[in-house]
Amino acid sequence: MSHRFDSIDAVSEGLRSVQYLADHSIAGVAFLADRLEKPVLIEGPAGTGKTQLAKSIAEMSGARLIRLQCYEGLDEAKALYEWNYKKQLLRIQVESSDGDAEWTEIQDDIFSDEFLLPRPLLEAITADDPVVLLIDEVDRVELETEALLLEILSDYQVSIPELGTIEAKQIPLVFLTSNNTRELSEALKRRCLFLHLDYPTLEREKEIVLTKVPEISENLADQVARIVRSIRQLELKKHPSISETLDWARTLVLLGIENIDESDAVDTVHLLLKYRSDIEKAIKDFTANSAAHFEASQAS
Amino acid sequence: MTSTDTAPRPQAGPLFDILEGFVVELRSAGLPVSLSENIDAAEAVQHIDIEDRVAFKYALAATLVKNDAHWKTFETLFEVYFSLRGPEYALDGDAVEFDDDVDFDPGEQPQGEGGQGGGDGLSPEELAELLYQALRQGDEALMRAIARQAVKRYAGMEPGRPVGGTYYLYRTLRNLDLDSVLERLMDQSRSNADQQLTPLQERLEKDEYEDRIDKLRKEIEAEIRRRLVADRGAEAMAKTLRKPLPEDVDFMHASREEMVMLRRAIYPLTRKLAVRLARKRRHKRRGALDFRNTVRHSLSYGGVPVEPKFRHPKPAKPEIFVIADISGSVAAFARFTLHLVYAISSQFSRVRSFVFIDGLDEVTSFFEGVEDITEAVHRVNTEADVVWVDGHSDYGHALEVFWDRYGNDVGPKTTVMILGDARNNYHASQAWITKEIQRKARKLFWLNPEPKAYWNTGDSIVGEYASYCDGVFEVRNLRQLERFVDNLV
Chain D
1 MSHRFDSIDA
11 VSEGLRSVQY
21 LADHSIAGVA
31 FLADRLEKPV
41 LIEGPAGTGK
51 TQLAKSIAEM
61 SGARLIRLQC
71 YEGLDEAKAL
81 YEWNYKKQLL
91 RIQVESSDGD
101 AEWTEIQDDI
111 FSDEFLLPRP
121 LLEAITADDP
131 VVLLIDEVDR
141 VELETEALLL
151 EILSDYQVSI
161 PELGTIEAKQ
171 IPLVFLTSNN
181 TRELSEALKR
191 RCLFLHLDYP
201 TLEREKEIVL
211 TKVPEISENL
221 ADQVARIVRS
231 IRQLELKKHP
241 SISETLDWAR
251 TLVLLGIENI
261 DESDAVDTVH
271 LLLKYRSDIE
281 KAIKDFTANS
291 AAHFEASQAS
Chain A
1 MTSTDTAPRP
11 QAGPLFDILE
21 GFVVELRSAG
31 LPVSLSENID
41 AAEAVQHIDI
51 EDRVAFKYAL
61 AATLVKNDAH
71 WKTFETLFEV
81 YFSLRGPEYA
91 LDGDAVEFDD
101 DVDFDPGEQP
111 QGEGGQGGGD
121 GLSPEELAEL
131 LYQALRQGDE
141 ALMRAIARQA
151 VKRYAGMEPG
161 RPVGGTYYLY
171 RTLRNLDLDS
181 VLERLMDQSR
191 SNADQQLTPL
201 QERLEKDEYE
211 DRIDKLRKEI
221 EAEIRRRLVA
231 DRGAEAMAKT
241 LRKPLPEDVD
251 FMHASREEMV
261 MLRRAIYPLT
271 RKLAVRLARK
281 RRHKRRGALD
291 FRNTVRHSLS
301 YGGVPVEPKF
311 RHPKPAKPEI
321 FVIADISGSV
331 AAFARFTLHL
341 VYAISSQFSR
351 VRSFVFIDGL
361 DEVTSFFEGV
371 EDITEAVHRV
381 NTEADVVWVD
391 GHSDYGHALE
401 VFWDRYGNDV
411 GPKTTVMILG
421 DARNNYHASQ
431 AWITKEIQRK
441 ARKLFWLNPE
451 PKAYWNTGDS
461 IVGEYASYCD
471 GVFEVRNLRQ
481 LERFVDNLV
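If you're matching them up, the sequences are chains D and A in order.
In terms of this note's numbering, the first sequence has 213 at position 213, counting the first letter as 1, and numbering is strictly consecutive.
In terms of this note's numbering, the second sequence has 388 at position 388, counting the first letter as 1, and numbering is strictly consecutive.
No wet-lab data here; the hints were simulated from the structure.
Every residue gets a Cβ at the ideal spot worked out from N, C-alpha and C, and that includes glycine.
Mixed in with the good hints, there may be bad ones.
[Said to hold, decoys possible] Some but not every residue of chain A turned toward chain D, in silico, with C-beta under 10 Å: (1) Gln46; (2) Tyr58; (3) Arg203; (4) Glu375.
Produce the entire structure from the sequences given, and follow the hints as far as they go.
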């Protein structure tokens, strides 16, 4: 079977063409996922581009993205498949009004493909066109529900008691994302390639800003990345994510700010931080230095 | 898959041997590498260019390491294991560096300053100046060269000396005196600026330099490791470098860095604790017999109670009392405990927390609706009234105060957790209070941060309390804490 990607560099290039800047680990793991035909478990803090990676991979390879959003209480009927019982009922009524149909005949009939409602997981493996399956925030489901995923992740098949096993027509690329609010089961982890996405390095963040906010100047992008790095070093409830960095950069461009000084930073910091205590802390940090420095310069 | 079959086998042979050894090393460092993951790794490396060191590393990481907390251990081991593996496995892109390694001969360890090789002719002052310039310009190649030179000069490494890498690192860093270099860099940028630096600029400058210094430190560490590997061999080195995984780090002796990591790890754990307690409530079997309902249903069977009906269990809201020792003897543990208390109180609606040394005070309100844990901890440490006489722990008196003031609040739904080492400084134990608490409360647990072997030695009287507890647990690291949570329900 043919592979989607030729080399790690090809993945990088492809992702770059859809405006996703991948570092070595991202491109490498995506490449391996294709070659080894294994799902990728992406873990990391919120807003580091986990979901976006799956979307971008789908976009670059021209595949359809099928998304399963996980939540507490997710069950088989919403993840795998469901029988369309209304249609089944109708079918039975039609048969019985005809009169002489055999029960076994009807039974065979109503448990067939026609009455099956595919949910994301089943849809992904039965698709004829290339698809990317994204299982988002898998850490939100209960430990027990994780077991639902195991069959499809390791063998790319779904077993339906009435129909038998449905095997994948083609192996989709599968991405699972997790914010690590709880430890995932060993069984799940074992079946996946693991990719940890952390906040980007200074250089990469600057590049991301330059790519996503084309009207920004190089100088401003550099300042944005530096300030965000400084803020991430503080002990905060929630560190600024990449998307928040981008929002901030766009705002600065709209405001026509070319050099970020202290008051600009204080005025716009609420775009980066969403908790009051965090904002206060950041502002204190911007200004506390000045007090210390002011004293020092007066003393000298 | 065809590409697997056509992979050059002869080359793959020794690689697999090394991979095997590497996996064994990872396992003995405590990483849970399963057989299937091992197979995945072996398959993965066939798909990538082995000459590409970065790709090779990430291929192994993606297949073998499934927990971010284990990454550092993996990285160190990887470096040790694959950095000096003969030319075909020396995946180091930098050829110059490699030549240097070949020259490097453990026999002629540079003891005195000066001597052979490039850069050796420099005086210490010149080296310091060079370092300053390198940091100022962010010249990474120069920084690497300096790191190598500094280790050669200052670390005083001798072949066969059974000393860990940290010792050499300390010696090297002490001689470089990076703090004053940072000072000087900052002074330089201040005087360079046309006008006064704004605080923001100053901070950014500082961050940048700190980042560079951090890189330098990493270079030095790597250099020391490389030299040690050259001296002792990769396998022996891997053993000495073995550091406890985050879940095995002892709370009592955790470094600052480890503490940060621990803190991050607590949240998933308390969530698990909450989920476990909640699940028990949801899945609990039926409650007591509902007589009225049974009789009503019996009417449809002609008055025979065929189908007994049961009440729905009332979900009991767990109420948790945490009583924590924050005295000096368990200071590091106490810091951790407070974080744990905070994490617990964000998951459960009814948590009351108490801290004590020889007096005891309730600190529940310090944690309520507080977004910033550091502030809460600070308030606990400064505002809580926990010193009665001399500020040495006195469990007996603390328990007495607890019983007097809050004893009536302990009810059948209350789970009480006492955290401390039970080192009572030979005061009266007042163990009868624990007995009373146990009688009134649902459960009473004692978590002791001391190794079990030390229990009941010296002034530790944990055994005296233990007889009245539903469980006494040694909780010195995350793994043990997790086990406690698992067994709780």
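Status of each hint after checking the structure:
1. Gln46: holds, 9 Å
2. Tyr58: holds, 4 Å
3. Arg203: Holds. Min distance 5 Å.
4. Glu375: Holds, about 8 Å.
Taken one by one, the earlier hints all hold for this structure without exception.
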